[in-house]
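There are 4 protein chains.
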Amino acid sequence: MIHVVIAGARGRMGSEAVKAIENAQDMKVVAVYDYKYDGQHLHNGEVREDGQGIPIYTNFEQLAQETTPQVLVDLTVPQTVYRNMELAIEHGIRPVVGTSGLTNEEVDQLTTLAAAHEIGGIIAPNFSIGAVLMMKFSQMAARYIDDIEIIEMHHDQKVDAPSGTATKTVDMINEVRTSKQQGHPDETESMSGARGAEVNGMHIHSVRLPGLVAHQQVLFGGEGELLTLRHDSFNRGSFMPGVLMAVREVLAQKSLVYGLENIIE
Amino acid sequence: MIHVVIAGARGRMGSEAVKAIENAQDMKVVAVYDYKYDGQHLHNGEVREDGQGIPIYTNFEQLAQETTPQVLVDLTVPQTVYRNMELAIEHGIRPVVGTSGLTNEEVDQLTTLAAAHEIGGIIAPNFSIGAVLMMKFSQMAARYIDDIEIIEMHHDQKVDAPSGTATKTVDMINEVRTSKQQGHPDETESMSGARGAEVNGMHIHSVRLPGLVAHQQVLFGGEGELLTLRHDSFNRGSFMPGVLMAVREVLAQKSLVYGLENIIE
Amino acid sequence: MIHVVIAGARGRMGSEAVKAIENAQDMKVVAVYDYKYDGQHLHNGEVREDGQGIPIYTNFEQLAQETTPQVLVDLTVPQTVYRNMELAIEHGIRPVVGTSGLTNEEVDQLTTLAAAHEIGGIIAPNFSIGAVLMMKFSQMAARYIDDIEIIEMHHDQKVDAPSGTATKTVDMINEVRTSKQQGHPDETESMSGARGAEVNGMHIHSVRLPGLVAHQQVLFGGEGELLTLRHDSFNRGSFMPGVLMAVREVLAQKSLVYGLENIIE
Amino acid sequence: MIHVVIAGARGRMGSEAVKAIENAQDMKVVAVYDYKYDGQHLHNGEVREDGQGIPIYTNFEQLAQETTPQVLVDLTVPQTVYRNMELAIEHGIRPVVGTSGLTNEEVDQLTTLAAAHEIGGIIAPNFSIGAVLMMKFSQMAARYIDDIEIIEMHHDQKVDAPSGTATKTVDMINEVRTSKQQGHPDETESMSGARGAEVNGMHIHSVRLPGLVAHQQVLFGGEGELLTLRHDSFNRGSFMPGVLMAVREVLAQKSLVYGLENIIE
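Protein chains in written order, with the working numbering: chain U, 176 to 440; chain G, 176 to 440; chain L, 176 to 440; chain F, 176 to 440.
Just so you know, not all the hints are guaranteed correct.
When chains are identical, the list treats them as one kind, so a pair holds in a single copy or across two.
Simulated pairs of lysine to aspartate or glutamate, EDC-like, Cα-Cα distance not exceeding 16 Å [to be verified]:
id	residue 1	residue 2
1	Lys203	Glu191
2	Lys355	Glu373
3	Lys333	Asp361
4	Lys211	Glu221
5	Lys211	Glu224
6	Lys343	Glu436
7	Lys333	Glu364
8	Lys343	Glu373
9	Lys355	Asp331
10	Lys333	Glu362
Honestly, the hints are just simulated from the structure, not real lab data.
Could you build the full structure based on these sequences and the hints that come with them?
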């Protein structure tokens with residue numbers, strides 16, 4: 176039974192994580208780390224004063240001593256994540272963190288700190304196992320088929336294009352793919368933008384429509400064939416299996432790992 | 176049994192049309208109209224002097240008198256199509272023509288001529304029934320769901336983007352759809368071109384990869400749902416069922432019709 | 176401004192319908208018809224005694240006299256729908272009903288009653304415009320391409336296969352398609368069931384996986400080409416645009432119409 | 176420059192392989208091994224007596240001595256492949272073979288022979304890199320998401336269902352996936368076969384339509400998400416990149432490898 180402390184347990188992701196961990200048979204939530212409600216308890220998403228539920232602490236020192244958790248699941252905001260990870264590592268608690276807000280410098284510092292304490296940890300900007308597999312497979316396929324286009328599709332309330340997942344996929348592919356102009360050398364657009372955005376010769380297309388949730392396909396075209404890797408995310412529940420997997424895997428990690436794709440074999 | 180004369184019978188499309196018509200049980204090729212080989216015959220794609228096969232004529236007057244065809248299937252080049260259609264209509268032969276090269280003015284003149292002779296005809300820039308259905312359904316759907324994006328995908332030897340089929344689809348949708356900005360009002364592109372080309376608020380994306388042939392999907396997004404109309408063309412054989420359908424339908428037409436979508440109910 | 180009375184307003188579909196109608200600019204909810212809470216009001220989904228909100232009636236006679244609605248939107252259960260429709264028609268109120276539970280005999284009786292009162296109405300087993308378009312287009316396409324297979328995909332908590340939408344699609348296609356054996360005449364299955372269910376030669380495949388919501392694609396295969404009509408339903412919000420469309424269209428109907436596909440042109 | 180001998184060079188696959196190897200810059204065809212035409216030459220697909228082209232040998236001993244090839248590419252029939260591989264291995268020539276016709280016993284014997292001669296080789300039942308990646312990724316994904324269905328789609332002249340690729344994919348998944356009932360425990364079929372074939376709880380669906388070529392998608396459903404791995408094969412040209420890759424990779428192999436997926440990292 177893995178003992179877990181959760182930070183951000185009253186938030187949307189956090190409250191789902193509490194439920195998911197409580198439903199798993201090999202782990203339990205032993206404490207909630209919060210900035211208020213010290214001494215009270217969290218029960219079915221509500222803060223209670225009658226002692227029923229999971230104890231809430233605002234002092235990490237005290238939390239660590241009284242509940243001795245092995246893993247910290249942090250689903251708070253970028254501003255507090257860094258300090259929380261520091262505290263966890265210093266107390267020998269392995270951090271599992273879902274944020275893309277840490278700077279490269281901060282990740283480096285935390286990596287050094289984890290190494291000093293000989294402890295593993297996982298920072299996962301994306302907890303969806305399906306999305307992580309899509310990205311990892313895209314990188315693998317790019318070694319063999321280097322004509323690639325990405326189509327990502329999201330609801331029409333999304334402001335930025337392309338999506339973070341598409342950008343991350345491009346970055347991962349670029350680690351193994353040499354820059355190469357795709358398409359016909361004399362290609363022209365009779366309507367500007369038709370061929371999409373372009374990075375090192377790869378093209379990226381962003382579709383925005385009401386009704387859509389979050390979808391991406393990566394297309395690899397070779398002579399006479401097409402390989403398509405597609406991920407559809409229908410709701411936030413898709414993150415929970417990744418959180419549980421990270422909690423299990425972090426016990427075996429010997430250093431701070433960035434990206435769920437690096438613990439998938 | 177419908178009697179057909181073919182112009183362009185020695186070309187790639189034309190030779191396939193001869194085969195397709197000969198294999199159909201309700202029609203036959205009675206003559207070939209050509210600019211050379213007068214008096215010779217076409218047999219299994221070869222010009223023969225021994226009288227075996229379909230008779231070749233370079234004189235339309237003589238052809239019409241001796242073989243009395245009901246329908247002219249013209250699969251030649253834009254330059255000759257106009258004159259061929261004129262000749263056919265003047266001789267009471269209904270033209271079925273597969274070209275997108277006629278000007279609007281020429282189409283108007285031929286329409287007037289056909290009306291004067293009280294005869295029907297069909298000009299079909301696209302003989303693929305599947306593609307025509309996709310376009311027709313797109314127009315119909317646009318009356319009910321007006322958030323629309325088009326993704327067309329072709330082999331990487333195609334020079335222009337977007338494709339002619341995509342442009343035609345946009346035109347047909349625009350006949351029924353009021354211009355409307357789609358996506359988030361404050362939408363931004365962190366990579367230029369990501370959101371594709373834009374016409375009246377609709378977005379069009381052109382994918383080019385080796386291996387692909389000719390594919391298009393039209394996406395309609397509504398609250399909580401997505402309707403996708405997709406056509407895949409794998410080879411040119413896809414045009415022949417449309418040619419046969421047009422030969423049959425032209426007998427019932429009372430005027431010159433432009434576009435196969437207008438004889439589909 | 177179309178005046179609407181809603182039956183079933185406290186249910187899941189009904190409460191969404193109240194919201195959707197209140198948000199539309201050309202219609203408003205003037206009354207709620209219920210079996211209890213007479214004289215009270217419905218406000219933001221709550222029954223109130225302070226007179227704020229939409230008035231609730233348990234007596235249809237009184238409701239009709241005091242609020243004079245033009246349209247009844249009934250989102251109750253099959254057992255009460257018949258009587259509610261009768262009452263509405265007798266009071267000159269046009270019914271818009273979303274249920275698949277009425278028998279053919281009941282539909283016939285209501286059709287006769289509506290004709291006697293010279294009033295239109297709409298019974299829609301499926302209010303999703305996207306799904307209805309998919310089915311209607313499938314029927315239209317089947318006139319031209321008669322090699323057809325259906326793949327429907329739903330979450331793994333669905334007990335029955337194939338889905339009601341797939342069955343309805345097959346029925347609509349069968350109205351225009353002659354029975355025809357598809358596939359190779361000597362086709363064999365090395366694993367039983369691989370080729371799916373079969374109706375008049377068409378094949379139907381039911382996929383069940385966690386994560387999926389409700390999806391269907393209808394595939395039409397012709398020489399060298401494939402036409403795919405696909406509908407994805409991501410959540411129940413997809414029904415509301417259909418409800419609003421039916422409320423608007425029912426005013427122009429002159430008889431009782433069964434199926435939203437029959438008011439789509 | 177890798178020196179290659181080809182067996183089966185006059186066949187459909189073989190003649191394409193000759194062209195592909197001649198077009199590659201890092202390899203050339205130094206000899207053709209055949210059962211007739213000894214001493215003549217193969218030039219642009221034609222057997223010539225004037226000494227122009229690639230020399231044809233019917234005696235492997237002589238071929239090996241005079242042309243000293245490093246790799247044998249065998250695209251003949253299952254009956255001759257075994258003996259050809261034996262000859263190649265005994266002469267220190269690494270075999271690259273595209274056949275699924277060898278028995279397990281024969282593969283074992285050839286593996287032993289290759290080990291004795293300290294030489295590598297590759298037997299590839301499928302040379303399509305895209306198809307092999309789809310199968311390999313399916314196996315990898317099955318470790319993390321074990322609710323899986325396969326939809327394979329082929330032209331309607333295919334007699335057997337499911338396809339060999341689908342069967343192979345199932346086998347590879349079964350190596351890592353524990354048997355598990357999928358779908359609702361009380362699931363019923365109102366039309367027999369709707370849920371497809373079933374192996375260890377996984378479901379397989381075979382679509383057959385005119386127009387289709389060879390397509391497969393493997394669907395992985397998790398909470399709130401779907402991962403789809405899809406391969407489309409449009410024509411036989413898709414095998415050549417795999418042949419070239421195998422010729423390059425076989426030089427680094429230290430034993431006989433069965434399946435292209437085992438040389439992909």
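Could you place Lys343 and Glu373 in one of the four classes (within, between, both, neither) given a Cα distance threshold of 16 Å?
-> Within one copy only: 14 Å inside, 26 Å across.
Taking 16 Å as the upper bound on the Cα-Cα distance, should Lys355 and Glu373 be classified as within, between, both, or neither?
-> within (11 Å within a copy, 27 Å between copies)
Lys211 and Glu221: within-copy, between-copy, both or neither at 16 Å Cα | within (13 Å within a copy, 33 Å between copies)
Between the shortest in-copy and the shortest cross-copy C-alpha distance, which are at most 16 Å for Lys333 and Asp361: within, between, both, or neither?
-> between (34 Å within a copy, 9 Å between copies)
For Lys333 vs Glu362, is the C-alpha pair at or below 16 Å within one copy, between two copies, both, or neither?
-> Answer is between: at 7 Å across copies they meet the 16 Å cutoff, but 30 Å inside does not.
Identical-chain pair category, Lys203 with Glu191, by Cα at 16 Å | within (14 Å within a copy, 38 Å between copies)
Go through the copies and call it for Lys355 and Asp331: within, between, both or neither, with a Cα cutoff of 16 Å.
-> between (32 Å within a copy, 13 Å between copies)
Go through the copies and call it for Lys333 and Glu364: within, between, both or neither, with a Cα cutoff of 16 Å.
-> Cα proximity of Lys333 and Glu364: across copies only (11 Å, versus 26 Å in one copy).
Could you place Lys211 and Glu224 in one of the four classes (within, between, both, neither) given a Cα distance threshold of 16 Å?
-> within (13 Å within a copy, 39 Å between copies)
16 Å Cα threshold - placement of Glu436 relative to Lys343 = within (12 Å within a copy, 26 Å between copies)
The earlier numbered hints are all upheld by this structure, with none contradicted.
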